[in-house]
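K.L.:
Got chain A; can you put chain B on it based on the hints?
Number of protein chains: 2
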Amino acid sequence: MNDQTKVDRSALKVVGTRPIRPDGADKVMGRANFGADLRLPGMLEGRVKRSPHAHARILGIDTTKARALPGVKAIVTAADFPDLEAVAAEIGEGAATLRDIGRNILARDKVLYVGHPVAAVAATSIEIAAQALAVIEVNYEVLPHVIDVEAAMAPDAPVLHADMFTKGVKPTPIKASNIAQKIGLSRGDAAAAFADPTLAEVVVQGRYVTAPVHQGYLEPNACVASAGSDGQYTLWVSTQGHFVVRTLCSRLLHIPLSDLRVIAAEIGGGFGAKTTVYLEPLALALSRQCGRPVRMVMSRAEVFESTGPTSGGVTEVKLAAKRDGTITAAEVLMKYQAGAFAGSSVNNAGMCALASYDVANIAITGYDVVSNRPKCAAYRAPGSPLSAFAIESAIDELALELGMDPIDLRLKNIVRSGSQTVYGATLRDIAFAETLEAIKSHPHWRAPLPANTGRGVALGFWFNGGYESSAAVHIAEDGTATVVTGSPDIGGSRASMAMMAAETIGLPYERVRAIVADTQAIGYTFVTGGSRVTFATGMAVVQASQKVIEDLKRRAALTWACDISKVEWRDGAAHCTESAKPQQALGLKAIAGKAAQTGGPIGAEVSLNAQGQSPGFAVHVCDIEVDPETGRSTVVRYTAAQDVGRAIHPSYVEGQMQGGAAQGIGWALNEAYLYDARGAMLNPGFLDYRMPVASDLPMIDTIMIEVAPNPRHPYGAKGVGEAPIVPPLAACANAVSHAINRRMRELPLAPPSVLAALQSDQ
Amino acid sequence: MNDQTKVDRSALKVVGTRPIRPDGADKVMGRANFGADLRLPGMLEGRVKRSPHAHARILGIDTTKARALPGVKAIVTAADFPDLEAVAAEIGEGAATLRDIGRNILARDKVLYVGHPVAAVAATSIEIAAQALAVIEVNYEVLPHVIDVEAAMAPDAPVLHADMFTKGVKPTPIKASNIAQKIGLSRGDAAAAFADPTLAEVVVQGRYVTAPVHQGYLEPNACVASAGSDGQYTLWVSTQGHFVVRTLCSRLLHIPLSDLRVIAAEIGGGFGAKTTVYLEPLALALSRQCGRPVRMVMSRAEVFESTGPTSGGVTEVKLAAKRDGTITAAEVLMKYQAGAFAGSSVNNAGMCALASYDVANIAITGYDVVSNRPKCAAYRAPGSPLSAFAIESAIDELALELGMDPIDLRLKNIVRSGSQTVYGATLRDIAFAETLEAIKSHPHWRAPLPANTGRGVALGFWFNGGYESSAAVHIAEDGTATVVTGSPDIGGSRASMAMMAAETIGLPYERVRAIVADTQAIGYTFVTGGSRVTFATGMAVVQASQKVIEDLKRRAALTWACDISKVEWRDGAAHCTESAKPQQALGLKAIAGKAAQTGGPIGAEVSLNAQGQSPGFAVHVCDIEVDPETGRSTVVRYTAAQDVGRAIHPSYVEGQMQGGAAQGIGWALNEAYLYDARGAMLNPGFLDYRMPVASDLPMIDTIMIEVAPNPRHPYGAKGVGEAPIVPPLAACANAVSHAINRRMRELPLAPPSVLAALQSDQ
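Chains as they are written, first to last, in this note's numbering: chain A, 1205 to 1966; chain B, 1205 to 1966.
For reference, chain A alone in the conformation it holds in the complex (with noise of 0.2 Å):
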């Protein structure tokens, strides 16, 4: 681990250390409580049918036998639910997306993947909730189906939504298709730019295309869900989000917010997959039909085949540029697969795409595509690594063409602090240039390739998210504190909150404890997700504290009956600046310890939502050995240098830079659904669809840029969460490149692949 830490951290005693992760020890001895460990008394186990087709109307669906099954408590189908479009002119903005939500959780009159709930079942064992879905007898009128994004744009492709008309292209068209969304962004003018041949001294483009992937989180889906005889529901659920889970369950279901608690589970993991709800719904209306708690959990095989993978897709890239390396235009096209329902990661994409880089003439468009695939959801930085592996690319084979060093090309084009993005923001605070000149000074970047190998660098830009967050901190008589948010822990916040109150308050770190809240308990917290928590969840924590500070000075002056102007509070303690007081301390345990005395206990609950983010940025090099004879990519070094303002628990920041890399490194080499000729998924296990595990992968080393600390947030944090998943797909598609000496523009860079391009002619 190298730190580049030019940030003063001597006024900083918590901040930056490096303390036990307070949940670690439960979660590496198989002692937390995931989605499916709760048991309640006389709980049910639900399961869902799904369909076997990649497309069907569904003509109709007869339950009477799985009813008349002894143990058989509940059966719901999309019947048992509202209909949505009412609920839609309710909601106005986010209709659709509710609605497909709806009928993504059970369909309601068409299945459009293998793996599309149409029922689902509670009972008094697995076994008897597996014997009910197979006598569940489903009339399916089977449809053409369609898998790939290009084949679903031609005109003649099967059309999953009767009801779908192209957003974003004027005059509205009469017909409906596949391409839920045209998109558009764009600066100056790129067709001129090309067209000029003083900016365009230099022309490179290419088709870049990615396999869609699965957020591959270790935890399967689980719920229990369990409708109370008084019209209030609980739901235990593994999530990055239970308050979201809670909207939408209240939308889906008509229940009101404050008769819906859901609490938080530990999480294995969710990446974005885990900010909407499948099972959830089905739990709820399950257990409200028979009253019992309903448990459901899902195989790894539904898993990959009925939750979201993240979009795949096709991006044609054209940039100019001067010869002396100036970048003056870029198009970029982009088509990308939504899954089922409308709402791929493009926008995002279209964003993302150049906001790296100060082009003068953008052109972005995009297309939102749906096929007979499982809906996309949110996968780390969504859409971000899909276009950056095309740019990046397109910008490696820019430099090959003028002949210079990868990174001072883009040294020379990089955004700055004051730079503008094409979506609009203005830059501020961002050690963008920093990070990469730390890859180039780093000895990886100047050490010797041995034979077969090759290496790549690439950048990432992710927005970071603020939204919107609430803690509250409360002092124990015995002067400990507790630090309550409502953001479910993934990558370690309980312990980064806790020091940051702990920094705030002014006490050990081990005496500040943090835990996550109900979505009753706490106030509104949006998603663990975007890389915000630290961000938001903490300026909530930290003001939080800083409300309890108040409050204990307030204390201390009732107690010495000074006035509270004259008292500070520093080290942990209250101080009395009067002269003709005494100058003794009082310490938070002994206010604490008199809290009764002087007014109550002392605590502060905030809720905010946050503003002043700062993007992240990161640039990653590695270096890959490809084995001639089979095609099979090793990476054998590599190295992450992120902008991360400041680090609040630096080995957090390097396992998300790590855990990032990683699962790019997967999108990159192996990752894919494998379809057959049906639309049926062929790998849905661990086993063929291949995540790199610990042995495939050389130590990650990471580079944390701390020289700009975020100005807008207490302690100078920037998300880092995602950015490190943005540059690997190109760094390896570079690295492979160079290795081969032949240009790999489609994912995965699977052996087969590499193979056939080195016996190819190139």
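Accuracy of the hints is not assured; some may be wrong.
Treat identical chains as interchangeable: a pair holds within one or across any two.
Within a straight-line C-alpha distance of at most 30 Å, the following computed DSS-like cross-link-like pairs (lysine-lysine) qualify [claimed, not checked]: (1) K1386 with K1798; (2) K1371 with K1798; (3) K1522 with K1644; (4) K1314 with K1269; (5) K1314 with K1386; (6) K1751 with K1793; (7) K1217 with K1231.
What the hints contain is simulated information worked out from the structure, not anything from laboratory work.
P.N.:
Quick look at chain B alone, frame taken from chain A:
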């Protein structure tokens, strides 16, 4: 139900109505989760090895054989707990209590009652745990024991604690005894008044005896403890106060408060007894030892034999009065059982004894006495029923002696607003006289009495508590609200808290739900007890609701771009009073839906130490028919009147009045601990320990007196839970005494005692 409501309720929309209890249906349907209902993966079953002797020295405990049993995972004895003498020094006040709790949950050197725990075992099944208990070998030196309170005070009694020297006596005694403390309270000169024939025109005296009775909660003590690998603990427990459980376990086990999360399960009754710990520290210690969750549940016999009954005791009363009925002097001598460790209810009993009467000369003496019985615990208005039984019986005797109507005699002597009690408080805003008048004018009081039937009247006083409470109010995006408190819901507080929030904010009751949060999720909250929750936690709820309203007004002002001083909140909506601005209202739902845009989620948390409770005064009248052949007493009519301030949810106030009366009737007529010669309880089960059931009692009529709302509570609430258990003992005894024309001065008034009295000459 008979409301004598003089309060103007016209302005109130929710407070004072009787909505359905939200947790009621689940409790009735058997779906609510109580202390024993949780299952965790790997959970063990814990059981306690208990003393078969009433008094013995522990010479050794050999757990070798038990540890060798397959399936036994952990065993603890007192040796596994820290030396509380050391902790005591740190804690100061209350240290002795803590040390005693430590010795009570697990005997250290001596066992002091049959059922006193000596070891605890956690095993993979209850059966294996039971086997393990059987092979734990304890070597005892059996000592002489003493059960009766007066026997325990005798100079030659076996002494339980060699280090206990009667407190409250000067000079401090040099010989250890079973008298833990002597207390005294006085006013004027009682001795001189008794000696003055103009003041003591009439003198009555008597010796009144009560039996210790159990709180009789239906749910046996139960908990599940889970010690994490990271030094953090979670405890699920049926309790009246999870914060108090946290404090006690933290001190008994040396766990920082921030490391111990206590979650209150639903509670099947507590009545004061579930405000301390028995199994909880054992379960935590067992879980810590083996790293697995441990569940512990008592049997009914264990509940009787080793959890606190209330004190029993002897109260001697002497009253002097003038012929006109003015009571001029009172002497009270109390000898109360504490059980095996100091701490009977004698202090409270002394303060309550004459709190209902304005008597110029008072001398009260009390003794807190240990004996070989389970350590007493609080029971609804602890102490007050014992001294009230004596005083209210003596007043009845005085009325007979004077030939006065017992209500008129009381009306002549009771305290009024402005009276100062013997313990120092000045009474304010009380409606005691109105309560007595209500009974006097009630048809019951004038109804003719059939043969063999007597009528008794008695008064009851209780302090009513304030103490620390916390509450948060969260507004969800759909405009519904959640109220968060730390008060376990025993008497319907989820409903009453939601009602007060709904009233304050201007929401319909159905759009507000209340939850009971765990110790880490909400600020410190003292027990559900002391008749404090509706008052103190309600005050916190109202204050949090008011903070929410301030925030809602701020959002509205922001939306309208007007000054917040021009925004009024009424009927659940903001109204702009600025003449230039549109006058339309902005409702809660509209503001909540846009909260993200106006600063983030809406909510507030408040903690306070509530001041300004108002004591409770109850007047009960009952008619009892005595079967002259068997001595069996049957309550044929019962009316309870009470000064309730203002009833937030009248049905629950009536429920408290009825429940208190029912428990007091059981205490008066049937309940008692019966001991064999070895000091073992003979009747540790509901078949032999005879609590009244529904078929034993008539409908208990209630009269809520609402003429004096408490001006120090936003909705005028006074505590109501405890006062109603105070009068029934004397009311029943007076009724039986009148029915059989013989004074009954010892409880319970079981058929054999009454028959014996009937057959006596008196």
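K.L.:
Hints first: check each against the structure and report whether it holds.
P.N.:
Status of the hints after comparison with the structure:
Within a single copy, K1386 and K1798 get their C-alpha atoms only as close as 64 Å, which misses the 30 Å cut-off; across copies the closest is 29 Å, which meets it. Taking the closest pair of Cα atoms, K1371 and K1798 come within 30 Å of each other only across two copies (26 Å); inside a single copy the shortest separation is 63 Å, beyond that limit. With identical chains, the CA atoms of K1522 and K1644 are at most 30 Å apart within one copy only, with a shortest distance of 26 Å there and 98 Å across copies. In the homo-oligomer, the alpha carbons of K1314 and K1269 lie at most 30 Å apart inside one protomer (22 Å), although the nearest pairing across protomers, at 66 Å, exceeds that limit.
Taking identical chains as interchangeable, the C-alpha atoms of K1314 and K1386 lie at most 30 Å apart only when both belong to the same chain, with a minimum of 25 Å there against 83 Å between chains. Proximity of K1751 and K1793 under a CA criterion of 30 Å is satisfied in both settings, with 17 Å inside one chain copy and 28 Å between copies. In the homo-oligomer, the alpha carbons of K1217 and K1231 lie at most 30 Å apart inside one protomer (27 Å), although the nearest pairing across protomers, at 50 Å, exceeds that limit.
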